[in-house]
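Undergrad: So the chains spell out like this:
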Amino acid sequence: MTASMLPALPVLLPLLGAAATVVAGRSAWAQRAIGITVLSAVAAVAVVLLVMADRGGPVVAEIGGWPAPVGIVLIADRLSALLLLISTVVTLAVLVYAIDQRIVDYGRRTASTTFHPIFLVLSAGVSLAYLTGDLFSLFVAFEIMLAASYVLITRRTDATRIRSGMTYVIISLASSLLFLTTVALVYAATGTVNLADLATRVAELPTGLQTVLAMLVVVTFGIKAAIVPLHFWLPDSYPNAPAPVTALFAGLLTKVGIYALLRTRTLIFPEGHPSTLLLVLAAVTMIVGVLGALAQNDLNRLLSFLLVSHIGFMIFGLAVSDAQGVAGTALYVVHHITVQATLFLVSGLITRRTGTVSIDAMGGLAKRAPLLAVLFAIPALTLAGVPPTSGFVAKLALLQAGADNGPGTAVVAGVVVLASLLTLYAVVRVWVRVFWGEPKEPLPDPDPHDDLVVGTARTSMPMYAASAALVVVSLAIAVAAGPLSGITSRAGDDLVDRTPYRTAVLGNGGAP
Amino acid sequence: MTATPDTRVPWDRWDAPAEDWMLSGECPAGTERTLLLELAARILFPTVLVFSLYLLLVGHYGPGGGFSGGLVAGLAFVLRHIAGGGSDGAQIGARIKVRPPVLVGIGLAVAVVTALVPAAFGAPVLASVKVGFHLPLLGDIEIVSSLALDIGVYLLIIGVVLDLLRSLGSGIERDAREATSDQTGAA
Chain A
13 MTASMLPALP
23 VLLPLLGAAA
33 TVVAGRSAWA
43 QRAIGITVLS
53 AVAAVAVVLL
63 VMADRGGPVV
73 AEIGGWPAPV
83 GIVLIADRLS
93 ALLLLISTVV
103 TLAVLVYAID
113 QRIVDYGRRT
123 ASTTFHPIFL
133 VLSAGVSLAY
143 LTGDLFSLFV
153 AFEIMLAASY
163 VLITRRTDAT
173 RIRSGMTYVI
183 ISLASSLLFL
193 TTVALVYAAT
203 GTVNLADLAT
213 RVAELPTGLQ
223 TVLAMLVVVT
233 FGIKAAIVPL
243 HFWLPDSYPN
253 APAPVTALFA
263 GLLTKVGIYA
273 LLRTRTLIFP
283 EGHPSTLLLV
293 LAAVTMIVGV
303 LGALAQNDLN
313 RLLSFLLVSH
323 IGFMIFGLAV
333 SDAQGVAGTA
343 LYVVHHITVQ
353 ATLFLVSGLI
363 TRRTGTVSID
373 AMGGLAKRAP
383 LLAVLFAIPA
393 LTLAGVPPTS
403 GFVAKLALLQ
413 AGADNGPGTA
423 VVAGVVVLAS
433 LLTLYAVVRV
443 WVRVFWGEPK
453 EPLPDPDPHD
463 DLVVGTARTS
473 MPMYAASAAL
483 VVVSLAIAVA
493 AGPLSGITSR
503 AGDDLVDRTP
513 YRTAVLGNGG
523 AP
Chain B
16 MTATPDTRVP
26 WDRWDAPAED
36 WMLSGECPAG
46 TERTLLLELA
56 ARILFPTVLV
66 FSLYLLLVGH
76 YGPGGGFSGG
86 LVAGLAFVLR
96 HIAGGGSDGA
106 QIGARIKVRP
116 PVLVGIGLAV
126 AVVTALVPAA
136 FGAPVLASVK
146 VGFHLPLLGD
156 IEIVSSLALD
166 IGVYLLIIGV
176 VLDLLRSLGS
186 GIERDAREAT
196 SDQTGAA
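Taken in sequence, the protein lines are chains A and B.
Under this note's numbering, residues 13 to 524 are what the first sequence spells out, in order.
Under this note's numbering, residues 16 to 202 are what the second sequence spells out, in order.
Don't take every hint at face value.
Label pairs and their computed distance ranges (CB to CB) [stated by the list, open to error]: (1) B:Ala191 <-> A:Leu197: 45 to 51 Å; (2) A:Arg470 <-> B:Leu50: 52 to 58 Å; (3) A:Arg120 <-> B:Leu150: 52 to 58 Å.
Counterexamples of contact, computed for chain B against chain A with all Cβ distances above 10 Å [unchecked claim]: (4) Pro25; (5) Glu53; (6) Phe60; (7) Phe82; (8) Gly147.
I should point out that these hints are in silico values taken from the structure, not numbers from a laboratory.
Virtual Cβ for every residue (Gly too), placed ideally from N, Cα, C.
Just chain A, with the same shape it has in the complex (with noise of 0.2 Å):
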């Protein structure tokens, strides 16, 4: 056991606890003890992680003693490890939900030969995106994270959700496909996919071909993390799942998506001042998210244009593209990871209660689930950004970025002001008219047979609990804030500097 090791276990253990959950088909206890024990165990890895990063530096693990370039490396340096422990922590709270919301709606001793494997292999997934220190292993990585998902959002549906299920198959096989165009074309240009060893091999190409390699990156990963023009997918899709699998698309698969764009925009394609362009897409991405999340009447459309909305947010940092920016990132991704997750549990406890993802058929749920209101208020306040919760520190950090560096940004920050009240028009606007008013009868599930239980008010204390510790999580981030925005801004320092991150994986040969 070396420290060397460290960073393959996030990536290891849930294959092997998905191995694991598929020979213990036939034993629903052992499935579920696999799970929660895996998930914990990489959580513990990521705090491990996460403090050895923050005091000695990254954490380099060579696959197979290979050396970088040559060979595959993972690595943990601040950032990541913080995203993997945020990331984890979500998973495991979501686990526990979807466990108990199959206990109630199918009994105890329900065993499921797909669901559990694929919900690990998917956190594997999302482990190797945040740790690997090479392009095509990020593109490995993001079909692990993606095929297991295609299942996820398909599985035991009917014809309609198997039909918005294969717009998002379709739009992700798309990305992945102009992804593995671009990790060609990437190779074709330098000779490596390392990318400590991109970093100073593409500053050697013409720029045309650099500009050419940038944007193809951003499209790629802006399909991903539905940066407007390209999120069409998201609203149309996430909604039909049942509501632990959209927590867990919308708390992590899009914010993979603003990671890898992180990486790569900081590490690879360094543009040293503010990039026009993203400033100009966070911009129309928070406004028309939250023009679109105020229209909608679906509970869980209108958090999905939301959750497009809050990735303009975290492209805006990006855009700043200086070290306070791209700390105040990093902080947003991790508050929103858990707020995200937190308000599509709850509304998959709304929805059982009521029997309909219509806002206008609810009414006056606060008399009837008080602790639900709770639940629902506390998320939708931080996801709006309003003192002191977690959102209102992620936001300053944005704005702060946003106000030093020149008119152009500044002008961006009031937009990202102008969206956090809208959206906070939004969430009020629901909890009113959910919660508040005359109490409407429950509707009947339209669909028993499904997967998605709704209005039968069947509910677990599990459940509630699981949704109770995100909101907690979030408030934590709050409390936390010193401590938490100092390791984001030793991330962004480093990520801006990109010297620790070469050296690490590189040598010192790796220096400029």
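We have chain A; now place chain B onto it with these hints.
TA: Frame of chain A, contents of chain B only:
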């Protein structure tokens, strides 16, 4: 059956094979059997399996490996299924009843454990060791420890193909049965 025949077996059954010559046994879609394909499958099935093992073993230095070996072995089962193996074709050897998902799980577990084992010896994850030894008749043999990873992949791929046969193939059979019963119902 060259030994003295059991007197209780009627004389005209002495030369009957000990097991079914056609591995297929009962064919669910009985209307579309072809004798030629079933015979060919009977002969090709073990041959293809041996070839898949060859691919698995030479994979470290030559073309092949766990993935292609597993696919070729999977094709052997596909052939038997098409020749009329029915859902039984998805059970290895029709005697060793392993559920395909379990095969997938075992394969994945073997591969992941292979990746983790070097770490127990202080080597990087996925590092491999070459072991050379001398065998009579076969000469010098080198075995690379990453062969275990290939074996895991091999099992995983066979499991995936068998699971596809089980889930998709049984649907085809059901359709065929329904089509037959419709015809008889109409007649």
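Undergrad: Honestly, which of those hints from before does the structure not fit?
TA: none
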